[in-house]
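Protein chains: 2
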Amino acid sequence: MISVAIVGKGNVGVHLYQQLVKKDQLNVIQFDSRQPHELNTFNVAILAVSDHAIPKVSKNIKCPLVVHTSGTTSIQELKNPYRKGVFYPLQSFSKEKPVDFPKVPICIEVEEQQDEKLLRFLSECLGSTAYPISSVQRNHLHVAAVFANNFTNHMYEIAKQICDRYNIPFQMLLPLIQETAQKVQYLSPSDAQTGPAKRNDLPTIKNHVHLLEESYKEIYHLLTTSIQNHGKKL
Amino acid sequence: MISVAIVGKGNVGVHLYQQLVKKDQLNVIQFDSRQPHELNTFNVAILAVSDHAIPKVSKNIKCPLVVHTSGTTSIQELKNPYRKGVFYPLQSFSKEKPVDFPKVPICIEVEEQQDEKLLRFLSECLGSTAYPISSVQRNHLHVAAVFANNFTNHMYEIAKQICDRYNIPFQMLLPLIQETAQKVQYLSPSDAQTGPAKRNDLPTIKNHVHLLEESYKEIYHLLTTSIQNHGKKL
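Heads up: the sequence lines are chains C and L, in that order.
For this note's numbering, add 96 to where a residue sits in the first sequence, where the first one is 1.
For this note's numbering, add 96 to where a residue sits in the second sequence, where the first one is 1.
Calculated directly from the structure, the hints in this document are not laboratory data.
Since the structure is predicted, the reported quantities are computational estimates derived from the model, not experimental observations.
For chains that are exact copies, the list does not tell them apart, and a pair is met inside one copy or across any two.
Calculated cross-link-like contacts (lysine-lysine; reagent style DSBU-like; alpha-carbon spacing at most 30 Å):
| no. | residue 1 | residue 2 |
| --- | --- | --- |
| 1 | LYS313 | LYS328 |
| 2 | LYS213 | LYS119 |
| 3 | LYS294 | LYS313 |
| 4 | LYS213 | LYS155 |
Isolated chain C, as found in the complex:
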């Protein structure tokens, strides 16, 4: 029987607990992060706390292996005296919505090879796929995720503002949004690219810039140029 302590009761902590507690092979207990804990009898303590709290909370935990769940924090921010690791689920969690763990890749990092097996096993228990990712890689992955998630969502936001302004139902764009996300599931984004920038359709680009309000003209320009430069690099 593997004993897992989950420290922290935020989104990530709650979702991990709810899923792992179902497994017969695991003994899982959830702890509050605001107190020190003697967790010597546990195999692993998973810290599901906010990034800035990681050094302080980890210092107060006595457990043979302590892992954090942050996308942006180096493994070295763990200040526990024993073994350290990272167990970072790459997905945006919200409290209300159940997490579909088979669709959540888990970035794992360890200092001692023996611990990789345990973290892989926990990923399996979640139904997730584990990827060994170093702290440096995780940092870059997090930037990449900002483009793939936050900036993409901002493109939707701008599209919606244009629609709202001209009384166009935004729902008209929803199938296109889905199709665009769907396409890169099997095509590389550069092969999937279409549109005026890609085909260097200058009259359409000129017309679009003319139609846009000031604050979006610059974004249109920069992204159009970036698509064109990317095309040249390939």
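Fit chain L to the given chain C structure using the hints.
Just chain L now, kept in the frame of chain C:
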């Protein structure tokens, strides 16, 4: 029986023909766009030709109602002597892939109200939803679609480049990409927004800019600022 002439054998023409020809209520014939046609016996001619060819091809077609299928071309570019209209399917078509028409909104525009009924009926035959959209609106919708589709895909492209550079499997981001597109199917993009820009997490933003190569720093800056300004406007 309604008679439909489809003029043009490119992507859009072929997909419309394949779908409409199945319907018992329609008589559908496809024509080459390079010759003039006497189509007086047809109820409608659908021009599925490239944008720049619309004036020339429409001039050579004799049919009581001629509609084009372009997202960016005004209804006035039709140079046929009788009634004009627009029948624009908002989705990116590719030759190889069957089109899921129930997921394709159709923008319809007419000059004479009587024609709206026919274009709505054709949308129904495709299983699509028709939206009455003026030429001015269609123009703006097309810009919005560039953000929602081409620029979004470029965000995926940049994410992939970051991944490739640091030997991170891009497939790790695919579930996040799907989730991001999925969320706005029921939440407004501004409600769905998360990330360092949204929560004004300056240390993370600074770290990200530091990690990025020169050509992406500017995009990161501009989009971060735009997300922050958008937040203020709400």
